[in-house]
Every structure is written in C-alpha cells, then in structure tokens.
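Residue numbers (full-length UniProt numbering), protein chains in the order written: chain H, 1 to 274; chain V, 1 to 308.
In short, the hints are calculated from the structure, not lab data.
Treat each hint with caution, since some may be false.
Partial chain H-side listing against chain V, Cβ under 10 Å, derived [to be verified]:
hint: 1; residue: S18
hint: 2; residue: L112
hint: 3; residue: M116
hint: 4; residue: G153
Quantities reported herein were computed from a predicted structural model and do not represent experimental measurements.
C-beta: ideal position from N, C-alpha, C; glycine also.
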Amino acid sequence: MTGTLVEASARRDRPLGSLYAGNARSVMSRGWRATRSTNWLVVVSGLFEPVFYLLSMGLGLGALVGTVDGPGGTEISYAAFIAPALLAVAAMNGAIYDSTWNVFFKMRFSKLYDGMLATSLGPLDVALGEISLALLRGALYATGFMLVMQVLGLNLSWWALLAFPAVVLIAFGFASFGMAVTSYMKTFQQMDWINFLLLPMFLFSATFYPLSVYPPVIQTLIQCLPLWHGVELVRSLTTGAVDVGLLWHVLYYLVMIAVGLVFTTRRLRALFLD
Amino acid sequence: MPAAVITAENLVKKYQDFAAVDDISFEVQPGEAFGLLGPNGAGKSTTMRMVGAVSTRTSGALNVLGLDPDRYGPEIRAQLGVVPQSDNLDMELRARENLIVYGRYFGLPSRQVAARADELMAFAQLEDKVKAKVDDLSGGMKRRLTIARALINDPRLLLLDEPTTGLDPQARHILWDRLFRLKEQGTTLLLTTHYMDEAEQLCDRLVVIDKGAIMAEGSPASLIRRYSSREVLEVRFGSDRNAAASARLEGIGDRVEVLPDRILLYSDNGEAALVRITELGLRPITSLVRRSSLEDVFLRLTGRSLIE
Chain H
1 MTGTLVEASA RRDRPLGSLY AGNARSVMSR GWRATRSTNW LVVVSGLFEP VFYLLSMGLG
61 LGALVGTVDG PGGTEISYAA FIAPALLAVA AMNGAIYDST WNVFFKMRFS KLYDGMLATS
121 LGPLDVALGE ISLALLRGAL YATGFMLVMQ VLGLNLSWWA LLAFPAVVLI AFGFASFGMA
181 VTSYMKTFQQ MDWINFLLLP MFLFSATFYP LSVYPPVIQT LIQCLPLWHG VELVRSLTTG
241 AVDVGLLWHV LYYLVMIAVG LVFTTRRLRA LFLD
Chain V
1 MPAAVITAEN LVKKYQDFAA VDDISFEVQP GEAFGLLGPN GAGKSTTMRM VGAVSTRTSG
61 ALNVLGLDPD RYGPEIRAQL GVVPQSDNLD MELRARENLI VYGRYFGLPS RQVAARADEL
121 MAFAQLEDKV KAKVDDLSGG MKRRLTIARA LINDPRLLLL DEPTTGLDPQ ARHILWDRLF
181 RLKEQGTTLL LTTHYMDEAE QLCDRLVVID KGAIMAEGSP ASLIRRYSSR EVLEVRFGSD
241 RNAAASARLE GIGDRVEVLP DRILLYSDNG EAALVRITEL GLRPITSLVR RSSLEDVFLR
301 LTGRSLIE
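Just chain H, same shape as in the assembly (with noise of 0.2 Å):
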C-alpha cells in the first residue's frame, strides 16, 4: 500500500518521465563555473575570428568590390553584404565549438554525464543545459559583432534589432543538432569530419557572394543547408528587406533544435542509462 502511494506522488509532476527533472539550470550552471574558472580566454579569443573576416574581406576586398545588390534589390556596400553573413556564422561557431568537441571531450574523456546521470538529473536535462549554454556562446559571439557592425555604420535598419533573436535561434539550433551528431560520434576522426563539412557550408552558403552565381542545381542544395537559411534571415533584417517568407527560416531552425533535442536525449539515455 505505502508502496503505491510513494509511486503515485513520486510521478506527479513530471510528464516528460524519467528523462527531465526541470533542472536544466544546474547542468548550465556547471558549465558557467568551468568556463569562468578555466578557459575563459579561449572563449573570448573567439569574438575576433569574424570581425577579423570583416576587416579583411567587408573592407579590404569590398574596396575593389564596391555595391552589390542587397536582398530587397536596393544597392549596398560589400562590407554591409558580408556582415550578417559573419554574424550569423559567428552565433554558427560559437554555438559549434561547445556542443561539439567540447561535449566529445566530456563525453567520451572526462565521463561527466556518467555522474550527472547518476544523480536525480535526467538526459533531457543534460542535453538542454549543455545546448543552452552552447547558444550562449553563440550569443555573446554575435553580440559582440553587432556592435562591431553598428560601429561601423553595417546596421542598415532598425529591423536589425531583431536579427539578435534570430542569431540566438540559430545558435540554439546549432547548438542542439551539433550536440546531437556529436552524441554518435566514436572517434577523434569522425569528429574532424565535422570541421570538414563546416568549412564548405561556411564558404559557400551565399556568405561572400549572392546565390545567384550559381546554377539552379547547386542553389536548391545551398538552400537545404542551415547556414544558408541563417545568413538570409540576418541579411534580411540587417538591410531591412523583410517579409513573411523569413517565416521559412523561422521554422527551419525550429525543425532543428528539434531534431536535436530529441536525438541528443535518446542517444544520452542509450549511452548512459542502458
């Protein structure tokens, strides 16, 4: 009887079951400690990588350049091209550093979800605190290079405010599908295959030029990659080119934190709780 009754009150409340104890927090929290205490600088080394992109290529190679044609038709300079492209590759890394290799690490080396799943917390709790503090990396990276940008005149609308929701919505939505692929990986050269798929994406995604230049075939294969869908929105709302089809991206990056929480926490309960 006392049996049944400890049952029942020990599931009340709890509609995702075993597998989240609403204590995501906990999981960020640690992540916030570690990084304050060991690595902080690498993180911050971080922020210079796309301004350093924008120098060089916005204002160096946009001085041969000149104006492009910007989402809306209206002419604008190279530099304001490029740089939601980088913004929004800057919320990309950021978001890719922590929920890739440094979640292999702790996976595979440091066996730290071992004792976090040996405690109260659950997989999804895991998967979301570590995504989560993955996006904020992400985040401060695109932060940092917005104000970059205002500075140097690159912000061309007041839409642009709003690219700052939708740099944090393509963090979350790196953060939650890298985490997931990294979750399967087994070795260190799997994992470098990562880094070999990413370079590509980065440079071929409509970064440096429009789409356009392409044949119609390698447009739609561009247009199934997430970076592609990430610079469109930023460019869009950067130059102040909106309209409702930036809905699509919306949604396409929904689909992928998805995606990723839901394969992330499966393949935690597979590894961790067997």
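Add chain V to chain H, keeping to what the hints say.
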C-alpha cells in the same frame, strides 16, 4: 521488520547473448553493509548499475528504496550516493566546487549545499584542499572527495564500486575508517570489492559472485566457517619439489591445495599440522600459520584460475 532497502529477485542482465548478471537474488536491510565480492567480470558493477537506476534489467524483479528503478530512476537516484569504480570528478572545477555543483544537480538549494559541502570537506579530511584543483589531489584524496560528493544529498543508500582499488595501504586505511564511521551513523552501504580484507573489515554480510551468479552468501565469519578451516598452514618446498612433497601430506588437515609456488594445508590447528610435517621428515623452506580468510573462501568458490 522494516522494509528492505534493496530486494533483488532472479535479477538478470543480458548484453546480446551474454548474461553479465545471471539470475541473482539478495536482500539488503537498512543500516547494513552488504558486499558483492567477485573477480573482475563477475557482474558486480552491472548489478551496481541496476541498483543505481542507471541500467535497466533484462528480467527479474528489483526494488530499491521501495521503488522500481526501471520506472522511478530519478526518484531513486535522488536518494542514492554513488562512488563509481573510476573517479569521475569534474576536473574543470575545484575540490569544494565539485560538491556544490553536484548538490545542485539534485536540485538542492544553494545555501543548504554550501553548508553541507563544508561539513563533508571536513569529514573527508580535505579542509585544507578546499580550493585545490582536482588534478593536484592524490589518489586517496580524490577517492575521499568522490565519497564526500556522493554524500552531498544525504543519501539513504551509498553505492561503492571498488572503493579502494589502486590506493596505497595508508590511503585505504583512512578510507576504511571513513566508511566505518558512515556505517556507525546508520548509512546503508552496498559495496563491491575484490579485496578480501576490505570485505572482512566493512561488510556485515556479503555474496560471492562469479560469472554472473551467486556462489555463496553469509557473514564473513560464517563463510569462513563453512568453506574453509580455522587456520591455514602455508609451506614451500621449492617450485620443483612442491608436487612431490604434497603426495606425502595427504591426511594432514582437512584439505591440501597445491599451488605452483606453495602448498596450503587447511586445518583447525596449523601449528600441529606443521609438527606432523616435520615428523614425516619433510623440511619446508618456509612455513607460515595464519588465520583463514575470506580469500581462501573466495578462491575455493571461484576456482584458482587467473580470470582474464
């Protein structure tokens, strides 16, 4: 009688066709220190993981703190302390921070966790290592920190998977002392070990496991009574003469066991057995009379082979 803390009935865990745990049953009462003893690969850790609600069973029944671990994992884990086989301390955090952060995983309030962390740093005799990096701690200190971490949620049941493996004798004794104090305070302990002296020091009751099955169950003393003699006489005649000498020793003591390097004679009176050997005209190079230990029980039950 109060309800058992752990009840396992016909517990089985299979990985594909391999049965890591093959039909074991045992019960652990509140306040008891219960040992799972066995060679590497016997199924001790797998049993621990099932009790710890981080591994689901293939068949059988398991009840931990009144709940089924397959259905109430988080509720059970909230009341457990776990000391895993290899330390998994958080290397990116300092010593005391490890306790704080771990306590937060249980959703405990910060203030409570902070106070408890100070108590536990003292309990683990690590007061002067509060801000130390985990990497800079010795093996024994890491182990004590892991035990302190496992106690942060004031668990009703503490699981220790080979708590002293790899530690030097002094570190082991310090650790045993700490564990004995917990036992005195009424904490229920479930521990695995392949050290017989550890089992004798700490366990009220234990099961000997081999190849996933229970070979024997009882208190250390009762197991020694049942499976061994009061004393053991160890004699050495030299590697090439042991076998020949052993033939003449039949009838002395209850049982004779020939090992490559020495002969063991199980007898209630080791000194008397030694006198009889010398009366036979045999001159062992070395001889030693000792109390029978769990090691003798263990080796008898699990066979004297090296298990890979």
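Verification of the supplied hints:
1. S18: With Cβ-Cβ at 4 Å, under 10 Å, it holds.
2. L112: 6 Å, holds
3. M116: 6 Å, holds
4. G153: 40 Å, violated
Of the numbered hints stated above, the single one contradicted by the structure is hint 4.
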